[in-house]
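There are 2 protein chains.
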Amino acid sequence: MMRRIYYERDSSRGPQGTLNRLLDEVEELREAISTDSDEAVSEELADVLAWLASLANIVGIDLEGAATRKYDNVCPRCTSSPCKCIGIHDAMHG
Amino acid sequence: MMRRIYYERDSSRGPQGTLNRLLDEVEELREAISTDSDEAVSEELADVLAWLASLANIVGIDLEGAATRKYDNVCPRCTSSPCKCIGIHDAMHG
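So the protein sequences, as listed, match chains A and B. Counting in my numbering, the first sequence tops out at residue 307, every number present. Counting in my numbering, the second sequence tops out at residue 307, every number present.
To be clear, the hints were calculated from the coordinates, so they are not data collected in a lab. Predicted model, so just to flag it, every value in this text is computed and none were measured. Among the hints, erroneous ones may be present.
If several chains are the same, the list does not tell them apart, and a pair holds so long as it fits within one copy or across any two.
[Said to hold, decoys possible] Listed next, the in silico SDA-like pairs over lysine to any residue satisfying Cα-Cα at most 25 angstroms (straight line):
id : residue 1 : residue 2
1  : K297      : D249
2  : K297      : E256
3  : K283      : M214
4  : K297      : V287
5  : K297      : N286
6  : K297      : T248
7  : K297      : S247
8  : K297      : S250
9  : K297      : E244
10 : K283      : E241
11 : K297      : D251
12 : K283      : E221
13 : K297      : R282
14 : K283      : S225
15 : K297      : A245
16 : K297      : R243
17 : K283      : S294
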């Protein structure tokens with residue numbers, strides 16, 4: 214969907230410029246979460262996903278396919294769902 | 214999918230801690246893009262999406278639903294697809 218809407222414009226910005234916008238949106242998401250407004254958080258989540266999808270389009274990688282290849286319904290480390298890894302969970306998503 | 218795999222562990226980290234991991238992953242994505250390795254970029258795109266999905270799960274918002282509500286197959290600003298907004302495209306994703 215994001216490719217159809219934005220690809221032409223995004224591709225002219227390039228990956229690093231798009232990545233910078235993605236980082237800006239993550240900061241806006243942090244602010245939205247701190248306000249506890251579900252509507253604001255929902256909007257910022259959508260924006261972060263939109264910029265991530267735009268970035269994937271620019272580098273020519275299917276975002277959903279990339280996620281499915283890596284996670285495929287289980288934790289890639291312990292191959293369980295729910296994840297059963299022992300230790301620091303932060304190490305798991307990769 | 215990410216909710217099923219990781220919700221229990223993610224929810225114990227809280228939104229801000231998960232947001233910090235999301236930012237770490239975006240930086241890893243930046244490094245992957247700079248290496249021009251499609252496999253590395255694909256893995257990091259998957260990780261960023263995984264952490265974004267985890268964050269959405271923690272705050273109780275459906276990520277795909279949030280994106281669909283905001284974008285709904287058109288640019289929310291000009292309501293066109295492809296986007297026809299005039300001026301700086303960076304202002305458009307919101």
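Results of checking the hints against the structure:
1. When the C-alpha separation of K297 and D249 is checked against a cutoff of 25 angstroms, the pair qualifies neither within a copy, at 31 angstroms, nor between copies, at 33 angstroms.
2. Proximity of K297 and E256 under a CA criterion of 25 angstroms is satisfied inter-copy only: 21 angstroms between copies versus 32 angstroms inside one chain copy.
3. For the homomeric pair K283 and M214, the shortest alpha-carbon distances inside one copy (22 angstroms) and between copies (12 angstroms) are both at most 25 angstroms.
4. For the identical chains of this complex, K297 and V287 are intra-copy neighbours only, at 10 angstroms inside a copy versus 40 angstroms across copies, given an alpha-carbon limit of 25 angstroms.
5. For the homomeric pair K297 and N286, the shortest alpha-carbon distance inside one copy (13 angstroms) is at most 25 angstroms, but the shortest distance between copies (38 angstroms) is not.
6. Taking the shortest Cα distances, K297 and T248 never come within 25 angstroms of each other, neither inside one copy (33 angstroms) nor across copies (32 angstroms).
7. For the homomeric pair K297 and S247, neither the shortest alpha-carbon distance inside one copy (30 angstroms) nor that between copies (33 angstroms) is at most 25 angstroms.
8. Proximity of K297 and S250 under a CA criterion of 25 angstroms is satisfied in neither setting, with 32 angstroms inside one chain copy and 30 angstroms between copies.
9. For a Cα distance limit of 25 angstroms, the shortest separation of K297 from E244 qualifies neither inside one copy, at 32 angstroms, nor across copies, at 29 angstroms.
10. Taking CA atoms no more than 25 angstroms apart as the test, K283 paired with E241 passes between copies only; the shortest distance there is 16 angstroms, against 27 angstroms inside one copy.
11. Neither within a single protomer nor between protomers do K297 and D251 lie at most 25 angstroms apart by alpha-carbon distance, with minima of 30 angstroms and 29 angstroms respectively.
12. In this assembly of identical chains, the alpha carbons of K283 and E221 lie at most 25 angstroms apart only when taken from different copies (20 angstroms versus 28 angstroms within one copy).
13. Taking CA atoms no more than 25 angstroms apart as the test, K297 paired with R282 passes inside one copy only; the shortest distance there is 20 angstroms, against 34 angstroms between copies.
14. Only between protomers do K283 and S225 lie at most 25 angstroms apart by alpha-carbon distance; the minimum there is 23 angstroms, versus 29 angstroms within a single protomer.
15. For a Cα distance limit of 25 angstroms, the shortest separation of K297 from A245 qualifies neither inside one copy, at 31 angstroms, nor across copies, at 28 angstroms.
16. Taking the closest pair of Cα atoms, K297 and R243 never come within 25 angstroms of each other, the shortest separation being 28 angstroms inside a single copy and 29 angstroms across copies.
17. In this homomeric assembly, K283 and S294 come within 25 angstroms of each other (Cα to Cα) only inside a single copy, at 14 angstroms, whereas the closest approach across copies is 30 angstroms.
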